[in-house]
Amino acid sequence: MKANYRGAVHDAIADAMRADDRVVLLGEDVGRYGGTYAVSKGMLEEFGPDRIRDTPISELGFVGIGIGAALGGLRPIVEVMTVNFSLLSLDQIVNTAAALRHMSDGQFSVPVVVRMATGAGRQLAAQHSHSLENWYAHIPGITVLAPATVADAYGMLRTALTSPDPVIIFEHVGLYNLSADLEELVPTDIANAALRRTGGDATIISYGGCVPKALDAAADLAAAGIECDVIDLRVLRPIDDATILESVRKTHRVVVVDEAWHTGSLAAEISARIVEQAFYELDAPIARVCTVEVPIPYAKHLEQAALPQPDKIVAAVQGLFGDDRRAGAQRPGMDES
Amino acid sequence: MTDSVPPPPARPQLARALLTDMIRIRRMEEKCAEMYSAGKIRGFLHLYVGEEAVAAGSLRVLDPEDAVIATYREHAHALLRGIPMAKIMAEMFGKQEGCSGGRGGSMHLFDASRRFYGGNAIVAAGMPLAAGLAFADKQLKRNRISACYFGEGATAEGAFHETMNMAELWQLPVLFCCENNRYAMGTAIDRELSQVDLVAKAQAYRVPAASADGMDVIACHDVMAQAVDHIHTNGGPFFVEFRTYRFRPHSMFDPELYRDKAEVAEWREHDPIREFTDRCLSEGLLTADDVGAIERAADAEVAESVAYAEAGTLESVDTLTRDVMTPPGSPQVAEPVS
Chain U
103 MKANYRGAVH DAIADAMRAD DRVVLLGEDV GRYGGTYAVS KGMLEEFGPD RIRDTPISEL
163 GFVGIGIGAA LGGLRPIVEV MTVNFSLLSL DQIVNTAAAL RHMSDGQFSV PVVVRMATGA
223 GRQLAAQHSH SLENWYAHIP GITVLAPATV ADAYGMLRTA LTSPDPVIIF EHVGLYNLSA
283 DLEELVPTDI ANAALRRTGG DATIISYGGC VPKALDAAAD LAAAGIECDV IDLRVLRPID
343 DATILESVRK THRVVVVDEA WHTGSLAAEI SARIVEQAFY ELDAPIARVC TVEVPIPYAK
403 HLEQAALPQP DKIVAAVQGL FGDDRRAGAQ RPGMDES
Chain H
32 MTDSVPPPPA RPQLARALLT DMIRIRRMEE KCAEMYSAGK IRGFLHLYVG EEAVAAGSLR
92 VLDPEDAVIA TYREHAHALL RGIPMAKIMA EMFGKQEGCS GGRGGSMHLF DASRRFYGGN
152 AIVAAGMPLA AGLAFADKQL KRNRISACYF GEGATAEGAF HETMNMAELW QLPVLFCCEN
212 NRYAMGTAID RELSQVDLVA KAQAYRVPAA SADGMDVIAC HDVMAQAVDH IHTNGGPFFV
272 EFRTYRFRPH SMFDPELYRD KAEVAEWREH DPIREFTDRC LSEGLLTADD VGAIERAADA
332 EVAESVAYAE AGTLESVDTL TRDVMTPPGS PQVAEPVS
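Which chain is which? The protein sequence lines are U and H, in order.
For our numbering, add 102 to where a residue sits in the first sequence, where the first one is 1.
For our numbering, add 31 to where a residue sits in the second sequence, where the first one is 1.
In short, the hints are calculated from the structure, not lab data.
For every residue, glycine included, the Cβ atom is placed at its ideal position computed from N, Cα and C.
You may find that some hints are simply not true.
[Unchecked claim] Simulated pairs of lysine-lysine, BS3-like, Cα-Cα distance not exceeding 30 Å:
| id | chain 1 | residue 1 | chain 2 | residue 2 |
| --- | --- | --- | --- | --- |
| 1 | U | 143 | H | 172 |
| 2 | H | 71 | H | 292 |
| 3 | U | 352 | U | 414 |
| 4 | U | 143 | H | 169 |
| 5 | H | 71 | H | 126 |
[Claimed, not checked] Computed beta-carbon distance windows for the label pairs:
| id | chain 1 | residue 1 | chain 2 | residue 2 | range |
| --- | --- | --- | --- | --- | --- |
| 6 | H | 227 | U | 121 | 48 to 54 Å |
| 7 | H | 361 | U | 366 | 29 to 35 Å |
| 8 | H | 95 | U | 147 | 37 to 43 Å |
| 9 | U | 140 | H | 217 | 48 to 54 Å |
| 10 | H | 230 | U | 140 | 39 to 45 Å |
| 11 | U | 364 | H | 296 | 58 to 64 Å |
| 12 | U | 147 | H | 360 | 37 to 43 Å |
| 13 | U | 377 | H | 345 | 31 to 37 Å |
| 14 | H | 202 | U | 106 | 34 to 40 Å |
Construct the complete structure from the given sequences, taking the supplied hints into account.
Here is the structure:
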């Protein structure tokens, strides 16, 4: 069947609501409006206003209510329109949801799922273009997911709803129209990274909205004779070290691609883990392709220049090799003409 | 359920219970201060001395199945919800026998079995939580109340305004209990709030509201009974302001540069325990012997709680990282499902 990312998120929510009366959806404009990204279109009609709950513009308040409702026995899905506005709700997520189980000596778990759109690329300028997944991935007590495929958009949300602990899901705005041909949509794990492409020369590690860019880059590199593993992290906390290290031990060269700014990014965390655990496997320094350290500008050419792009990833991978395999060069032995 | 409220002379049993609760709180808190000075309790310690009438008068009105969410000044609420004093003291000593296993300390007392949700050290953060618990109750058609305690300082937080708005909008059974002790840490109410009439503030969100003398335990009890009745009858939220005062500093680190000693002395003239004791004696509700017996019992309970805490054990650091996430296969949430 043909499915797209937006529809997969929709189906995951709807299927969960049909399966379990305790599942409710809370958020700004999830009901009558149908969701800012049209994810919940039609749900109000099927499930009614008690379960598809339009909220005021009170991110701190309704995220906190979602957390309290989870404590009270519901299975809330809280939609925060975008990660940019989630900053207003950080206190409830960090100080309550993430900490409650530990500080109550295991007496209270918080089975809440908080979904939010993330990322840049649509000329929405500095206040609507953040990638702050790393802020959340920093916090013990929560699971952080970044589905990058249609299958995961459905599958990870379904599985997240079975977690006894808080799960934050980042949906990159550039992925909502992604489509795929799938047999069916099924729950998928929320523990492991996935190898999206296999190659023995270098490893490209990415997540979320940068995964398609990494795959594009890998295709270009393959045409130039460099075969890459492309790892989709999928789960940003806890990070699946094993999948990363296995690839590094095979390829010995790594580029980490992350739409966040370099400083303090998940790309930095991944790099540190590789250095700590597989330094002597590396044949070249780890390279990062992250966003240029500037608030995201409005003008299209400037925005695109700030963000990771396939050509930057290609250049970064080529930079891991000697001059003979850099951009424009061909492999020795192939230059016979 | 709500105690019926005949005039005070007809209520000797209630009077005894209220006085007992207040004295237990006072003696426990005084011992906490002593234990802090002795280095047995560390971290932040916020004492309830002076405000006892609020917790004593109000908590007794709630049902066991109601939820209580309190602040970082919550020893009294934990105690009166039924957490044994020994478990509270052990928690403050950082012992694994404490009611939060030594993971929480003074500001994070919890007891799932008594629906006591803390112990929240972020001002106003318990309010959305209470509304969420009430939301779940409403959704699952359970007839119970979520009572949320907070100071007047919390009414300056966004969480207060957002929660009041949604609680009224969605008619959630939340009982907002505002302990107005006139200071947001060290900032006096008229220096922190443009609108010091807290009832008016609640009413701005159309939340029904009442105010009571927080130094009068009977007034606290009666206004709480009114609030509980209102919620059970009407379904939506209710806001109560308890006008009270804290006799001790904000925390053990507070040098109290912001208020006059004369002001404190004046409020101490209205010590809720002494005034209620006098009233009980003059109205013949209790005898001096009764009061003496209550005090001796409280002292004994305090002594036992300290002994229990002293005898408590320290958790091995080997289990430092437990309960960050719920272990696979463990019984999930304390809240019974469906």
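Verification of the hints:
1. Straight-line distance between C-alpha atoms of residue 143 of chain U and residue 172 of chain H comes to about 27 Å, which keeps the hinted pair within the 30 Å bound.
2. With a C-alpha separation of about 28 Å, the suggested pair residue 71 of chain H and residue 292 of chain H falls inside the 30 Å cut-off, and the hint holds.
3. Simply put, residue 352 of chain U and residue 414 of chain U have alpha-carbon atoms about 23 Å apart, close enough for the 30 Å limit, and the pair holds.
4. This hinted pair checks out: residue 143 of chain U and residue 169 of chain H have alpha carbons roughly 25 Å apart, not beyond 30 Å.
5. The straight-line distance between the Cα atoms of residue 71 of chain H and residue 126 of chain H is roughly 11 Å, inside the 30 Å bound, and the hint therefore holds.
6. Taking the beta carbon of each, residue 227 of chain H and residue 121 of chain U are about 50 Å apart, inside 48 to 54 Å as hinted.
7. The beta-carbon spacing between residue 361 of chain H and residue 366 of chain U, approximately 33 Å, falls within the hinted interval of 29 to 35 Å.
8. For residue 95 of chain H paired with residue 147 of chain U, a C-beta distance near 40 Å keeps the hint of 37 to 43 Å intact.
9. For the hinted restraint 48 to 54 Å between residue 140 of chain U and residue 217 of chain H, the CB-CB distance of approximately 50 Å keeps it satisfied.
10. The beta-carbon spacing between residue 230 of chain H and residue 140 of chain U, approximately 43 Å, falls within the hinted interval of 39 to 45 Å.
11. Taking 58 to 64 Å as the suggested C-beta distance range, the pair residue 364 of chain U and residue 296 of chain H conforms, at roughly 59 Å.
12. The hint said 37 to 43 Å for the Cβ distance between residue 147 of chain U and residue 360 of chain H, and at roughly 39 Å that hint holds.
13. Taking the beta carbon of each, residue 377 of chain U and residue 345 of chain H are about 36 Å apart, inside 31 to 37 Å as hinted.
14. A beta carbon spacing of about 38 Å between residue 202 of chain H and residue 106 of chain U agrees with the range 34 to 40 Å that was offered as a hint.
In this structure, every one of the numbered hints holds.
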